[in-house]
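Put chain B on the given structure of chain A with help from the hints.
So the sequences go chain by chain: A and B. Just so it is clear: in the first sequence, position 36 is 36 by the UniProt record's numbering, and no numbers are missing. Just so it is clear: in the second sequence, position 100 is 100 by the UniProt record's numbering, and no numbers are missing.
The set of hints was computed from the structure by calculation and includes no laboratory data. Hints may contain errors.
Treat identical chains as interchangeable: a pair holds within one or across any two.
Taking lysine to any residue pairs in the SDA-like style, the calculated list, with each CA pair at most 25 Å apart, reads [as the list claims (entries may be wrong)]: (1) Lys35 / Glu102; (2) Lys78 / Val59; (3) Lys35 / Pro101; (4) Lys78 / Thr23.
Chain by chain, the residues:
2 protein chains.
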Amino acid sequence: MSKQIPLSAADACCSPLARAPLTAEQAVDLAKLFKALSDPVRLRLLSLIASHEGGEACVCDLVEVFDLSQPTISHHLKVLRESGLITGERRGTWVYYRVHPEVLSRLSAVLVPGETPVVTA
Amino acid sequence: MSKQIPLSAADACCSPLARAPLTAEQAVDLAKLFKALSDPVRLRLLSLIASHEGGEACVCDLVEVFDLSQPTISHHLKVLRESGLITGERRGTWVYYRVHPEVLSRLSAVLVPGETPVVTA
Chain A
1 MSKQIPLSAA
11 DACCSPLARA
21 PLTAEQAVDL
31 AKLFKALSDP
41 VRLRLLSLIA
51 SHEGGEACVC
61 DLVEVFDLSQ
71 PTISHHLKVL
81 RESGLITGER
91 RGTWVYYRVH
101 PEVLSRLSAV
111 LVPGETPVVT
121 A
Chain B
1 MSKQIPLSAA
11 DACCSPLARA
21 PLTAEQAVDL
31 AKLFKALSDP
41 VRLRLLSLIA
51 SHEGGEACVC
61 DLVEVFDLSQ
71 PTISHHLKVL
81 RESGLITGER
91 RGTWVYYRVH
101 PEVLSRLSAV
111 LVPGETPVVT
121 A
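Looking at chain A on its own, in the form it has when it is part of the complex (with noise of 0.2 Å):
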């Protein structure tokens, strides 16, 4: 199973989106990100993932959480693995997932509100 970050995801950067607007192809890749955490349940697998002891959990720890499939659970990690929010890796029965920080401080930094301005209602 590749560590790789598909290429939409890693350059899915740019500046603060109040700083400057995003161009076309910027927005294609952040929309692909935000797809990915546009679900309840991804966005409870992501935080659960990136919480764990050692900021990694196998299928094993987070099935359990829910009252859902585990090919269910299953589908929504590949969606969030293909999206490049996260990595698995197989050690033995288990596949292990760990976030990539580098995508969530991406995807963060892009968020991140410039100056308010005066608001005169």
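Frame of chain A, contents of chain B only:
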């Protein structure tokens, strides 16, 4: 046109997802915001508004940037407004849009990655 932030956006706050697992409710609220960000046109609109002079822009400023009809642009602006990411205020002929910096701030904070654990491959 209301300047209120929808309750789901106002509630969509939590510590960074790398620090503690999101609750189911937090994940549902956050997923709505990320869903609004999961479209390239909406991301570009958000960045055009946020980076526009004075922190606000009207449809007249936005339509010319895209090869899209005004109704399409207006639809995307409505999605952004209903999510709580932007606010709109009618002044004369035009509606002027601004971002809600506190909502962007919260999303940015949620995505801050934790300490990078050492990956032992």
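Here's how the hints hold up against the structure:
In this assembly of identical chains, the alpha carbons of Lys35 and Glu102 lie at most 25 Å apart whether taken from the same copy (18 Å) or from different copies (21 Å). Taking identical chains as interchangeable, the C-alpha atoms of Lys78 and Val59 lie at most 25 Å apart only when both belong to the same chain, with a minimum of 11 Å there against 38 Å between chains. For the identical chains of this complex, Lys35 and Pro101 are neighbours both inside a copy (18 Å) and across copies (21 Å), given an alpha-carbon limit of 25 Å. With identical chains, the CA atoms of Lys78 and Thr23 are at most 25 Å apart between copies only, with a shortest distance of 21 Å across copies and 28 Å within one.
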